[in-house]
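Number of protein chains: 2
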Amino acid sequence: MTVGTSILDLSTPVPVIDEAVVAANIARVQDYMDAHGIAFRPHIKTHKLPALAGAQRDAGASGINCQKISEAEVFADAGFEDILITFNILGAEKTAPLAALNARTNLKVVADSLKTVEGLAAAFSADRPLTVLVECDTGGGRCGVQTPTEALALAQAIAAAPGLRFGGVLTYPRPSSEDTVEAFFSATRAALAQAGIDCPVVSTGGTPSLFSAHKVPSATEYRAGTYIYNDRAMVRAGHAGLDRCAMHVLATVVSRPAENRAVLDSGSKALTSDLLGFDDYGLIVDYPDARITTLSEEHAVVDLSACGKKPRIGDKLRIIPNHTCVVSNMFDAVVFHRDGVVTRTLPVAARGRVW
Amino acid sequence: MTVGTSILDLSTPVPVIDEAVVAANIARVQDYMDAHGIAFRPHIKTHKLPALAGAQRDAGASGINCQKISEAEVFADAGFEDILITFNILGAEKTAPLAALNARTNLKVVADSLKTVEGLAAAFSADRPLTVLVECDTGGGRCGVQTPTEALALAQAIAAAPGLRFGGVLTYPRPSSEDTVEAFFSATRAALAQAGIDCPVVSTGGTPSLFSAHKVPSATEYRAGTYIYNDRAMVRAGHAGLDRCAMHVLATVVSRPAENRAVLDSGSKALTSDLLGFDDYGLIVDYPDARITTLSEEHAVVDLSACGKKPRIGDKLRIIPNHTCVVSNMFDAVVFHRDGVVTRTLPVAARGRVW
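The listed protein sequences derive, respectively, from chains A and B.
Quick note: the first sequence uses our numbering, first residue 1, plus one each step.
Quick note: the second sequence uses our numbering, first residue 356, plus one each step.
Please keep in mind that the hints were generated in silico from the structure rather than gathered at the bench.
On a predicted model such as this, the values are computed, not experimentally measured, just so you know.
Be aware that one or more of the hints could be misleading.
[Unchecked claim] Pairs of lysine-lysine residues, derived as BS3-like cross-links and limited to a Cα-Cα distance of at most 30 Å, are as follows:
1) B:LYS470 <-> A:LYS309
2) A:LYS115 <-> B:LYS665
3) B:LYS470 <-> A:LYS310
4) A:LYS115 <-> B:LYS664
Chain A extracted, bound-state conformation (with noise of 0.2 Å):
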């Protein structure tokens, strides 16, 4: 993977990044951000990169998200302070390296439960407390608390806590949603004004809707992670065209088979399983009417039906994944290049990253 070799050259399958598209990436949604006032905090489970994230705050991120500890470690040991981890953590096996961790970081997390809040509040102490938001399920249908009264609740109980601060209220919502996260959001608000506790924070974010953020009057500030890379589902969402998906599974085309079938050395070692409502498992860039319609851990199965031109044995393809945040899990390193050329190849430094 010598910096200046055509991508071409590698050996695949493996995921190359187009730097210009990262760049573009980040400038475009950092000035709309901006441009509306919203501090801007980016995922970084797109990439798993230091360098990346350094890219991001250079260009004006207020801090970084992570979804778990251990990630939040890597970055930082890489020198990022401003750290919010969006997990409910729970157990003494976390709460000690969590606290680790907030020594010697800005540290924030979220708690949907008095259980978590309990936990965190016996793990902490005023002389070092810890900053928890309270995560609000504004229709995402995973974690958070249902109801701006429960919300209080727990944001009382954090505030009550000598060990925890109360950081604000955040969701992770449906894509378009923006007229239902406002409503939790503004009645949580009034609540909180109510009971005399201030809100520093409120929290939003996800890349599909990302340029409906400032619907969201409330919000001070939005997470999103995809948009640094885009992919397949991103492109669906309406949220980017093909030409700002910076990442593609380069794949080698090592059987045919028969007439209609391609074999494909891009498994879901590669590609994963992730369909995201799509049918098949990713947009072969060359050949848009071939199907990626079967994955085992090494093979991809097209079916070239529908191609007017149909690849041959040894042809190397490019894949734009359904799903990219869950391809930088499967490698432990990435290529970046500029027009098909080498630029550096970075280990995927928080990959892997389970708890």
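Given chain A's structure and the hints, the job is docking chain B onto it.
The following block gives chain B in isolation, referenced to the frame of chain A:
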């Protein structure tokens, strides 16, 4: 992950492997192969661990099966000598490391096209020839020549190349298609015999219908990987009962936002999105009526509607994944235990070896 501690003290999500079940699975399958006089070549993709391949060899395995060069390098480094790579290898960036591997092991690869054979022929010479088997598509619908006539033609091309040796024929069949496989192989063997070409190995494989291996009398060798751990798909296939599933993913309930919703910390980075025909993402052993309906990278959303008892926040649950091989690929290390007490932690040495 100290030896002697309870697996319930581990930081989740984490794959835990039952030592006794692994040992029993190895013995059960090797005994069957021995009883039928079939050489058994375990596929290392399931565990990716030299220590377990060593146990399989000690039990009587004839060699190992890898899928990629970079996997085979890990096992060659660990002292394994008889290695079959069941992949069409193309391109100078791959044949160079392949030649290095062939210089130090008893290596075999497969081919299903003249293009692959020509590439290999150009990279190997008579002083250290490479053994090549012809891959046959007996109905699996992935790689492989389509007919015995094509198999013969490719065998002749291999035999004619000074740097190559014809090693036999191989298939990755549909489960329970023993009659079809036998028909393909016996016709191919007859054609090869008539052409005066010796066919030292006839290889088939797959865990789901492994115990029907003896119904393919032409076969001299069987390859399988999943049998060592088993998983939800193998239970459905009838290969094993739940008590023969050696791998569980241990996960923590991190949220109970609604009466019938639990959220676990085992997302697609732990369980993977492999469905394998199921409509949910794994079996929660202690709550078999719970359904893991949605995965994001770090969260699993569980529908508890059908559950009598329901898990609480902080509970640690054991999950049998749909597909065990892909889970091994997600983790840098796996923890072994006996009756829930940690016995050893092993780095997943061949994890992420995609090329």
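Going through the hints against the structure:
Proximity of LYS470 of chain B to LYS309 of chain A is assessed by CA-CA distance (about 19 Å); at most 30 Å being required, the pair is judged to hold. About 16 Å separates the Cα atoms of LYS115 of chain A and LYS665 of chain B, which keeps this hinted pair within 30 Å; it holds. With a C-alpha separation of about 16 Å, the suggested pair LYS470 of chain B and LYS310 of chain A falls inside the 30 Å cut-off, and the hint holds. This hinted pair checks out: LYS115 of chain A and LYS664 of chain B have alpha carbons roughly 19 Å apart, not beyond 30 Å.
In summary, the structure agrees with every hint in the numbered list given earlier.
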